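> Residues per chain, in single letters:
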Amino acid sequence: MDSLIEKIKSGYLWDFPGGVFPPERKKLSNHSPIKQLPLADEYIIPVKQHIGHPANIVVQIGDSVLKGQALTQVQGPMELPVHAPTSGEIIAIEPRISAHPSGLEELAIVLKPDSLDNWCEKSPTPNYFTLSKVELLDKLKQAGISGLGGASFPTYVKQSNSQPIELLIINGVECEPYITADDMLMREHANEIVSGIEIFTHLLQPKLVVIAIENNKPEAIAAIEAACSGKTKFVVRAIPTKYPAGGEKQLIQVITGQEVPSRGITADLGIISQNIGTAYAAYKAIVQGEPLIERVVTVTGEQVNSAQNVWARIGTPVQFLLDNQGYKPLKKPRVIMGGPMMGFALHSLATPVAKMTNCILAPSDKALPAPENEQACIRCGYCADACPASLLPQQLYWHSKAKEYDKAQDYKLFDCIECGACAYVCPSEIPLVQYYRIAKADIKTEQLEHEKAEKAKERFNARNERLEREKQERLDKHQQAAESRKKAMAKDQGAQDKVAAALARVQAKKQAKETPEQQETTNKTAQNVADSAVSQDTSAKATAAAAIARAKAKKAAQAKAEQLAKDTDKTPTTEDSAQAKAKAIAEKIKAKRQAEAQAGSDAPAEPDNAAVKTESDNKDTEQGLTPAQIKAKAIAEKIKAKRQAETQAGSDAPAEADTVAGKTESDNKDTEQGLTPAQIKAKAIADKIKAKRQAEAQTGSDVPADPDNAAGKTESDNKDTEQSLTPAQIKAKAIADKIKAKRQAEAQAGSNEQAEPENLANQTETASPKNEPEPSAATDVKSTETAENELTEAEIRQQRVKAAIAKAKAKKQALGDK
Amino acid sequence: MNFKVSSSPHNRIKRKTSDVMLAVILACIPGILAQVWYFGIGVLVQIALAITAALLTEIICLRQRNRSFMQIKDNSALLTGLLLGICLPPLAPWWIAVIGACFAIVIAKQIYGGLGQNLFNPAMAGYVVLLVSFPLAMTLWLPPLNLIEYSLSAWDMILVIFTGYSDQGYSLAQFRTSLDGITMATPLDAIKTGLSNQQTYQEILQQNIFNHDFGIGWMQVNLAYLLGGLWLLQRKIINWRIPLTFIASLFLLSGICYLASPQSIADPLMQITSGATMFAAFFILTDPVTASTTPKGRIIYALLVASLVFVIRNWGGYPEAVAFAVLLANMCVPLIDYYTKPRTYGHVKG
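Protein chains in written order, with this note's numbering: chain A, 1 to 818; chain B, 819 to 1168.
Calculated directly from the structure, the hints in this document are not laboratory data. Honestly, I wouldn't trust all of these hints.
Unchecked claim - Only some residues are given here: those of chain A computed to face chain B with a beta carbon under 10 Å: (1) S262; (2) C377; (3) K412.
The structure presented is a predicted model; accordingly, all values stated were derived computationally and were not measured. We put the CB at the ideal spot given by N, CA and C, even for glycine.
Sequences and hints are given; from them, build the entire structure.
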């Protein structure tokens, strides 16, 4: 940067590409001095005259205000106050047509002068360098100073830049044709301008100040040079006349050869530029304490008799300015605020002068012919040659016109400074800049809408997510609850067992009292469930499973037998499933034994058996047994049930049941509503047992084959399984029956005979073959017969006691677990 | 009051499309005059025929497309006709000019959407169609008038154009034959034929159509077009990039080849003062619609045309190559433009 500053100091100038040379026509207005105007009839002061936000209005209709009094008060960032241009009364605060290309109305304060033009109290600070930076900036802000070059950017914001500033460029280029406001101001107030610049240098402390003036203003250059003499940091630089050399970006390029980064600001380069008029306004505000209430405006054009610069108070209607200079309106009048290249045509002469208004132009149709018909683009490329930003205006035009805004942006639409050079040279009279403005506005609107849509989408997505989350949470909660229930159940097997047992008991009791119809229903249900369970599996699997189940049962029985032999009271608490099953089966055996022992006794003892079975069943089901296993068990239990039935054979069946045949499935649901699958199965099994028992009871015969046949009949699908069981079962049943019969007989006999120790072993042996299909039945039969011969009353008693103990144990366990 | 409101800029340069076209037409005048001086009134007849056909066709087309036929005032059809007429052999039959102009306007311009929309240079498209369709008529160039054995009045020329025979009953072929019975062609033609007949370049230059190092007449015509072109440059009607690049690259390319093999190729000065070189450089390549519009693109475009011209002239089947080269380069223009976007202010290179 230092070497650059040396180069700038040496007088080197760069150039910018493109540019045009429109007729200057500055001579119209630069011959007479800046004129003081009388007071207008009313002043319309738009509340917002700068880039940023409007400040709060602090006056009311009817208020009397003094010249220079603030009408609005700054409260937030990017706000600037406006001031009363003269003393008078506030007669309206309402939307008025504003100094804007749209010609739309904006909120304005309307002031009726009292013709006294009394100043409010001023607070001049000629020795401003004693003030702090913050105080100085605040003074600039309170004086309502914004960039007077055209953009009207709040000066205090620009000056409070935190980046180090090397170079301050004062823009006195004034490249637009017709306009001479800065030219005349420089000629007449060079010293004040330089004082104003010194305020800026005091704030920014730049290494160099370059005052750039186009070389078509020799008087102004001379005046400023004179005012700057002796100031080493100040350089006055005459730059070649070429439009738009006065554009901030182009001026920086001309003075420094550097380019402001796209979408960046000049301060990124360590450069700040201020307009000549702004410097003067800063001088007035700080040194003289006068806020920005007037500015120099060039009133010019071929339709104005005495074109010249005037001191126009902010808020002066354009009509007043024109009338003062002798305006000859055309048939179709055209008045431009600003220059012919970048100014905008007014919709009404009631438009007030704003802070950035530098020119009121009333041209003749000859000088600035109104646009004729737009012709086809002939791709001459003059526009590209003229563009100071090195854009391709022709391509921008195609894409803007076709509303291909993506492509227009690819061609850097937003780097267009709207200087109008392209449209100026276009031989086809295409209003290129207008196309770009429309495209830019459309894109901005699109972006706003897109942002809106994005926000809406975000909200929608957030809502969906929330709903989904809540749903998931609910599901999770349910699942957790279910799991915890399941866990609790798995843990509190006993509790469940108890529940199931109770259920089964209740059922059994109920069944005992049930009407035949109900029994039939339950029978049917049981049948259906069993059918479906069985039929779903291959026979081989079922066979294998059955075999396993039997083997398990046997093993368990042996274990139990041993346990019983030892007469241990220990309750296994940490049993695994196999053990549990084994135990259950063992208990069943026990129970059976007990039942046998109780042969001929009352029915209530039996539901316990069922309960035990049900318990084990439940357990198995919940432990995730395969269907095959369940089936196997079901079969095993069937066997048991049969056995029990056989046991009861001959005894008085508490209930009568109808024959089991040809049932409909329709009844199932009614009976089983509200039951869990496990329960259903348990019940089904229980029912089956019951059914068989009943069947057996009905037959009343001693022949063990009959119940089997009945079972076979009812479970016609499962023949294989049944058949594989049959030989052993038959045998076992036969033996059991014999034993039973004998025992009954003995019991009935009431004889007291000696108990034999082998009995238990025999009994166990008897139990084993029952559960295991054995081809050599003869031996067993013999041994059983032997055992049965040796049965004594003492044994029966012993068994009964044991059974009672087992029952008690089961109950205790159930309670304990619960 | 009803205010006239328009978007900025309110100021416009007073040079409309029609002015641009007219300026180009005016710039052709020195060249046309030179052509008439050396090749007779036939040049003007061809130009008049082509312009008339072009204007009439344009009006019909505009009518058919429901456009105001006042668009004719943009002078673009006038210029197309003029450029095509300039390219035609002076004594070509009248229907040559008419067919060429009709094709140029209807097919090459209006079908694409009219002014500004056409991909190919209309005049060159018309010329190429004629060259391909009527090769004989299109290559019957007359030698400079002072070399012709028979006196050829303006009336004779008009008769030849419209009937094929002069007042005395001579045909075009007879006019083209010199005293010694050798057919006189254009310098480029002669060089091409001579070189293919194993003559050296120096031997070819001994022919009577050459005056030392230049083709008689053709050099002057080229210089006249150069003059007109320079005026266009001065008026900033055309950009310097295309003509300068074109002439310089053609000169350099042939210069390099000439240095390598001076016997088998025309020297660079001959190259840039023969045929349509200057005319093409300032009036054909600079056609705004069909040329590249970016600064870099213009250089690439002109370089491309120069290379094609050089290649076709020296190794192609035709003695003159501008029309083909221009059409081929026209096809590349959209691509060239796309890839030669200038660096925009404030954007880092690349």
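> All hints, please: hold or fail.
Hints, one by one, checked against the model:
Restraint check, S262 of chain A versus chain B: the minimum CB separation of about 4 Å is within 10 Å; hint holds. Evaluation of the C377 of chain A hint against chain B yields a held restraint, the C-beta minimum of about 5 Å falling below 10 Å. Hint status for K412 of chain A relative to chain B: holds, with the closest Cβ pair at about 4 Å, below 10 Å.
Figure legend: structure checked against the earlier numbered hints; every hint is met.
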